[in-house]
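Quick note, the sequences are listed as chains A and B, same order. Residue 151 in the numbering used here sits at position 151 of the first sequence; the count goes up by one each step and never skips. Residue 346 in the numbering used here sits at position 346 of the second sequence; the count goes up by one each step and never skips.
Treat the hints with caution; some may be incorrect.
[Said to hold, decoys possible] Here are the computed distance ranges between Cβ atoms for each label pair: (1) E344/A to A403/B: 55 to 61 Å; (2) T237/A to P414/B: 48 to 54 Å; (3) A144/A to D481/B: 37 to 43 Å; (4) G331/A to V145/B: 46 to 52 Å; (5) D334/A to H194/B: 38 to 44 Å; (6) L207/B to E344/A: 52 to 58 Å; (7) D481/B to L431/A: 52 to 58 Å; (8) T237/A to A399/B: 55 to 61 Å; (9) S421/A to A255/B: 51 to 57 Å.
It is worth saying that the hints were derived from the structure and are not from the lab. From the three backbone atoms N, C-alpha and C, an ideal C-beta is built for every residue, glycine too.
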Amino acid sequence: MRAPTCFAVAVASTALIGAAAPPDAAYFQQATAQRLANGVIVTAQLSQDSPIAGAQVFVPAGLAQQTSATAGIAAVTAATVLRTPVEGGRSLSAVAAEAGGEVAYTIDPEATRFMIEGQSAALPRLLADLARAIAAPDPAQFAAARNEVAAAARDDEANPALVAYAMVRQVRYQGSGFAYPQGGRASSLARLTVPDMQRFAASYQYGTGTIVALTGALLPGQIDAAGKAFASWPARTAPAPPAVTAEKRQHEIVAHRNVPVPWLAVGFNAPSQFSKDFPAMLVIQALLGRGGDVHALSFGSEGTPGAADYVGAFYQYEARPGSFLIFLNGGSGDIDAALKQMEEGIVRLRAQPLPDELVARAKKLALGDYYLSVTSLSDAAWLLGRSAGSPDGVDFENALAARIANVSAADIQRVAKQYLSDETVAVVLPLTLGR
Amino acid sequence: MSIHRGVLAALVLSASFFAPQHALAAAPAAQPKLAAGESVLADGLTIAVRRATLSPAAALEVWKVDGLSVHDVVRDEGAAALEAQPRLAAGESVLADGLTIAVRRATLSPTAALEVWIVSPSDGYGASAPGVARLAALSIVATKVDGLSLRDVVRDAGGQLMVSIFPSSTEISVLAPGNAAPQLAQALFSRVLHPSIDDAGLRDARLRLAEQQAVASAEPDVVLRDGLFNQLFSDGPFHASTYGGPDTLRGLSLADAQTFAAKAYVPANEIAVAVGGSLDETALAGTITAAAPAAAQTSAQPSSAHAAPQSAPFNAGFADAGGVGLAWMGPPVGDERTSTAMDFISDYLTRPGYGLVAKAVADADPSADFNGQFITLRDAGIFYVTVSGGKRSADAMSAVIRAAMKPLLDGPMPQADFTRALAAFRTHTLRDTQTPEELADNYGWYFAQGAPAYAPAATDMALSGDYYDQAAALTPQAVYDAAKTYLGAKGVTATVAPRPATPATTSMLDGGAR
Numbered sequence: 001m002r003a004p005t006c007f008a009v010a011v012a013s014t015a016l017i018g019a020a021a022p023p024d025a026a027y028f029q030q031a032t033a034q035r036l037a038n039g040v041i042v043t044a045q046l047s048q049d050s051p052i053a054g055a056q057v058f059v060p061a062g063l064a065q066q067t068s069a070t071a072g073i074a075a076v077t078a079a080t081v082l083r084t085p086v087e088g089g090r091s092l093s094a095v096a097a098e099a100g101g102e103v104a105y106t107i108d109p110e111a112t113r114f115m116i117e118g119q120s121a122a123l124p125r126l127l128a129d130l131a132r133a134i135a136a137p138d139p140a141q142f143a144a145a146r147n148e149v150a151a152a153a154r155d156d157e158a159n160p161a162l163v164a165y166a167m168v169r170q171v172r173y174q175g176s177g178f179a180y181p182q183g184g185r186a187s188s189l190a191r192l193t194v195p196d197m198q199r200f201a202a203s204y205q206y207g208t209g210t211i212v213a214l215t216g217a218l219l220p221g222q223i224d225a226a227g228k229a230f231a232s233w234p235a236r237t238a239p240a241p242p243a244v245t246a247e248k249r250q251h252e253i254v255a256h257r258n259v260p261v262p263w264l265a266v267g268f269n270a271p272s273q274f275s276k277d278f279p280a281m282l283v284i285q286a287l288l289g290r291g292g293d294v295h296a297l298s299f300g301s302e303g304t305p306g307a308a309d310y311v312g313a314f315y316q317y318e319a320r321p322g323s324f325l326i327f328l329n330g331g332s333g334d335i336d337a338a339l340k341q342m343e344e345g346i347v348r349l350r351a352q353p354l355p356d357e358l359v360a361r362a363k364k365l366a367l368g369d370y371y372l373s374v375t376s377l378s379d380a381a382w383l384l385g386r387s388a389g390s391p392d393g394v395d396f397e398n399a400l401a402a403r404i405a406n407v408s409a410a411d412i413q414r415v416a417k418q419y420l421s422d423e424t425v426a427v428v429l430p431l432t433l434g435r
Numbered sequence: 001m002s003i004h005r006g007v008l009a010a011l012v013l014s015a016s017f018f019a020p021q022h023a024l025a026a027a028p029a030a031q032p033k034l035a036a037g038e039s040v041l042a043d044g045l046t047i048a049v050r051r052a053t054l055s056p057a058a059a060l061e062v063w064k065v066d067g068l069s070v071h072d073v074v075r076d077e078g079a080a081a082l083e084a085q086p087r088l089a090a091g092e093s094v095l096a097d098g099l100t101i102a103v104r105r106a107t108l109s110p111t112a113a114l115e116v117w118i119v120s121p122s123d124g125y126g127a128s129a130p131g132v133a134r135l136a137a138l139s140i141v142a143t144k145v146d147g148l149s150l151r152d153v154v155r156d157a158g159g160q161l162m163v164s165i166f167p168s169s170t171e172i173s174v175l176a177p178g179n180a181a182p183q184l185a186q187a188l189f190s191r192v193l194h195p196s197i198d199d200a201g202l203r204d205a206r207l208r209l210a211e212q213q214a215v216a217s218a219e220p221d222v223v224l225r226d227g228l229f230n231q232l233f234s235d236g237p238f239h240a241s242t243y244g245g246p247d248t249l250r251g252l253s254l255a256d257a258q259t260f261a262a263k264a265y266v267p268a269n270e271i272a273v274a275v276g277g278s279l280d281e282t283a284l285a286g287t288i289t290a291a292a293p294a295a296a297q298t299s300a301q302p303s304s305a306h307a308a309p310q311s312a313p314f315n316a317g318f319a320d321a322g323g324v325g326l327a328w329m330g331p332p333v334g335d336e337r338t339s340t341a342m343d344f345i346s347d348y349l350t351r352p353g354y355g356l357v358a359k360a361v362a363d364a365d366p367s368a369d370f371n372g373q374f375i376t377l378r379d380a381g382i383f384y385v386t387v388s389g390g391k392r393s394a395d396a397m398s399a400v401i402r403a404a405m406k407p408l409l410d411g412p413m414p415q416a417d418f419t420r421a422l423a424a425f426r427t428h429t430l431r432d433t434q435t436p437e438e439l440a441d442n443y444g445w446y447f448a449q450g451a452p453a454y455a456p457a458a459t460d461m462a463l464s465g466d467y468y469d470q471a472a473a474l475t476p477q478a479v480y481d482a483a484k485t486y487l488g489a490k491g492v493t494a495t496v497a498p499r500p501a502t503p504a505t506t507s508m509l510d511g512g513a514r
C-alpha cells in the first residue's frame, strides 16, 4: 500500500499486481485515495514543484450515454456548465480565468471530464463552483453552448481523420451513443432542448462513478475541501452504459469529402484499458506506428487540436470494447501500398512470435509513450483518476508500466490473433467533379 | 547620420549601450549624457565598463568619433581581460571549461527533459548564411556514431528528440521516459557537446530542412513573424529567417556546417539542462561533466542592427491563409524591471481566452487564429501579435488590435484591476513552466539571453528568485510607463496573402455508404 496520510484512507490495492517492476523503471509519485460516504472517490498525488495544482473531475456520463435523438447533448451540457454563473454573476470559466486558472471539459466514451488548473489555494473554491454549476446548469446559457458545440462539430466535419474515425465508430459501436459524431449532428443539435440538457446533467450526479483526481501542491485541508464539494451528491451507482457487441464482420465504408488526397482508417476490435490484454495491445500499437495518445481525437472545449493530419496508430481504450485504428494519408505516398504493408504486418503479428529483439524494442517504445503521456498537472490528474477507477486502484499507474515490461512475444501473438481481424475500412475520397 | 558599426558584435548590446553612442554621433561637440558604467578621463577619453555574465571572454573595443560617423572598430576576442562571473540561477553551475549546467528536480512527471542550448547566430558567423544553424543541428542529430544517430538512440529508447532554432540560439532536446533518462542523457550530452557531421548526416538534414521549410512557408504565423523581424532588424540573425531558403539547401556544404558547429558548439556558449522527476542529480551532473569538452575559444556573436520602422506594411509573401502582424521593440533583458512589466502586458493583452487583444480578435472574427507575446531578448525584446485565417481585412484587424491595446496606453490601470491581473499573471507564468520540458526550455532561453538568474523557472514554492521579485514590485505606473515607452512608439506591420482557398466542406457521414 502506498503511504496513506492522515487525511485519506487509502483504498488502493496492496501491491503491484501480476507483474514485477522492471529494473530500470521510472515511478509515478505516490498517491492516496479516499472513498467518500456517497461513493465519490477523491484521489491525490502531491508534488512541491510549484504552488499550483490541477484537478480532473470524472462524472459518469459521456458519449455512450447519448441516444440517436440527443447526439451532441454530452458536449452541450458540459459547455453549459462552463458558462453557468457561479460567483457574482460571472461564469465558471470567467471566475477561473480571472484567477489565472482554467476550466475545460473533454467528452470521453463513458465519462465527461472537467479539468481545472490554477493556484493551489484557489482550487477548492473552483471545484465547489464546478459542483454548483453541475447541480444547476443555467438554462439561459443553453443556446450559446449549443452554438459553440455546433461550430466545433462543423470543424470536425472538415477534418478527414475525424470523418474516418466517425465512420469506423458508426459501424463498430451500433447501439451506443459512441456511434454518433462526437459533437453531434447539425440535425440532432437543432432539436436539443433545455430539459434534455438538464436530464443529462442530472446523469452526472452519481456518487459511485464520480472521481475527483487532484495533482500538484495541495495541503490536506485543501484536499478535504475538494472532496466536500461533491459530498452531497446522491449515494447511488451510475448505470452501466449500453453494451456493445464486438463487431465480427468486415466492412468497407466510403465517403467523399473536400480533401486533396484520400484518407483511410482501418479499425479493429481491441481490449479496453482494464483488460489483461491491454499492455500487450499497447506494445502492438508501438509496433504498428506510434500515434498520439487516447485523447488526440477527443471532443472538448479545446477542440480537437491533435486531430490535424492524424496519421499512425490510434488506440481508443476508454471505450468498451476498445478499438484500434490505423490512419493512412494518401498524401504521403501510395495509399494502396501502405495498406498492403500494414495488412502484411498484422498477418505477421498473428502468424508467429516475433524475434525477442523486436519485442524488446517495441516494449521500450510502449513504455516511453506511456511515461511521456504524463508531463503536466492535467495529464497526471487524468492518469490518476483513471487509475483510481481501475480494479487495481491508484497502484494501476505503476503496475501498468511493469506489465508492459513483462509482455512476451507469445502475448503479442495471442492478442493479435484475438483482436486484429474483422476490420472496418473507412475511406475518405476527394470530391470528384459533379459531386 | 550614418553610423558604421563595422563588425560590431559585442557580447552584450543593450538599448542603454546604444543610446549614448547615437547621442555622441549626433552632437559630438556637446557633452553627452553618459550611461551607467561610463566615465570621462582627464584627457577626455571616455571609458565604458560593463559586466557581461554570459561568457568568460571579453570584448575590448576602441571607437573613434569623426564627425557624424564612427569607425575603426578594434576587437580583441577571447581575451579574458575582464573576468566575467555569470549570475546563475539556483541549481546552475559553470565547469572549468566554461560549460554551464543546470539540474533541477521536478517530481510530477516520470519523465526528464534533457537539453543543450547553444548561443549561436542562426545565419552563421561572417557573411550571412540563413539556415546554417538549423542545417548544422539537424546534421549533428542525424550523423551516426557507432552505427547509430542520436535520433536513432532516442527513438529506440522511447524518447522524443527535438531541434529548435532561434535567431540567436540553438536548442537540441530530448524528452526522456524516466527509465531511460540516464542512457539518453549520456547520449545527448556526449554527442552534442562533441558534435560531428558527416556526409550522410548532412543529406538527412537537407531532407528534413526542406520539409521544415515547406511547412514553415505554409504557416501564416511563421511567415508573419519572420516578416516582422525582417522589418525590425536590418541585418544579422534576427533579420534572416532561421529556416533559410532554397539557397541554404543548394549552397551550404558539409564544410559550412562543420565550420559553423566548430565555432558555435563551444562550452562557453552552451548550457546543459536536465529537469525531471526520476533524476539522480549527482549522477547526472557527473554524466554532463564527463561529457564536457575542453575549453575552446569563442567567436563574437553577430548582432542585428535595429531598422527604422517603416510606415507602409511589409508584404511578407504568401501562406495557407492571409493575415496581419504588428510588432514593437521592447527593453533588453538586462532591464529586468521593464522586461517583467512587458511580460505582464503581454499576458494581459495576448493570452488566449484571457487577454484583451486575444478576446477582441476572437469577438471580431471567431474564425481567426491569434498569436501574440513579448519575447525577452538580450538586446531588445520584441512584442508582437499576429492574426491569420480570418475573414476580416488586415486593416480592420489592425484596428481591432490597436483599439484593444488602447486602455493600457491611456493611463495606469485601476489598482484593483491591476492587483487581480498581477495575481493572474503570476499563476499563468507558473502554469506555463510546469512540465519538465517547459522548465528546461526556460532555463535554456534565459541562459541564451545572458540572464540565467532571471529565468521564471528559477523559483520555488515560496516564489523566490529574481523574476517573481520583479513581478511583486510591479505597479500600475510601471506597467503604464513600459506600455507608453515601447507600445506607444512606432511599430512595424506585416501582411501575408492567402494562397487560393479551397471550397467549403460537406457534412460528416452524409456521403457514407456501407
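Status of the hints after comparison with the structure:
1. E344/A to A403/B: 55 to 61 Å: Once the Cβ atoms are compared, 60 Å apart, the range 55 to 61 Å for A403/B and E344/A holds.
2. T237/A to P414/B: 48 to 54 Å: Since T237/A and P414/B have Cβ atoms about 51 Å apart, the given range 48 to 54 Å holds.
3. A144/A to D481/B: 37 to 43 Å: The hinted range 37 to 43 Å holds for A144/A and D481/B, with Cβ atoms some 39 Å apart.
4. G331/A to V145/B: 46 to 52 Å: The hinted range 46 to 52 Å is violated for G331/A and V145/B, with Cβ atoms some 34 Å apart.
5. D334/A to H194/B: 38 to 44 Å: With Cβ atoms ~41 Å apart, the hint holds.
6. L207/B to E344/A: 52 to 58 Å: 26 Å, violated
7. D481/B to L431/A: 52 to 58 Å: Distance hint for D481/B, L431/A holds at roughly 57 Å.
8. T237/A to A399/B: 55 to 61 Å: 57 Å, holds
9. S421/A to A255/B: 51 to 57 Å: 55 Å, holds
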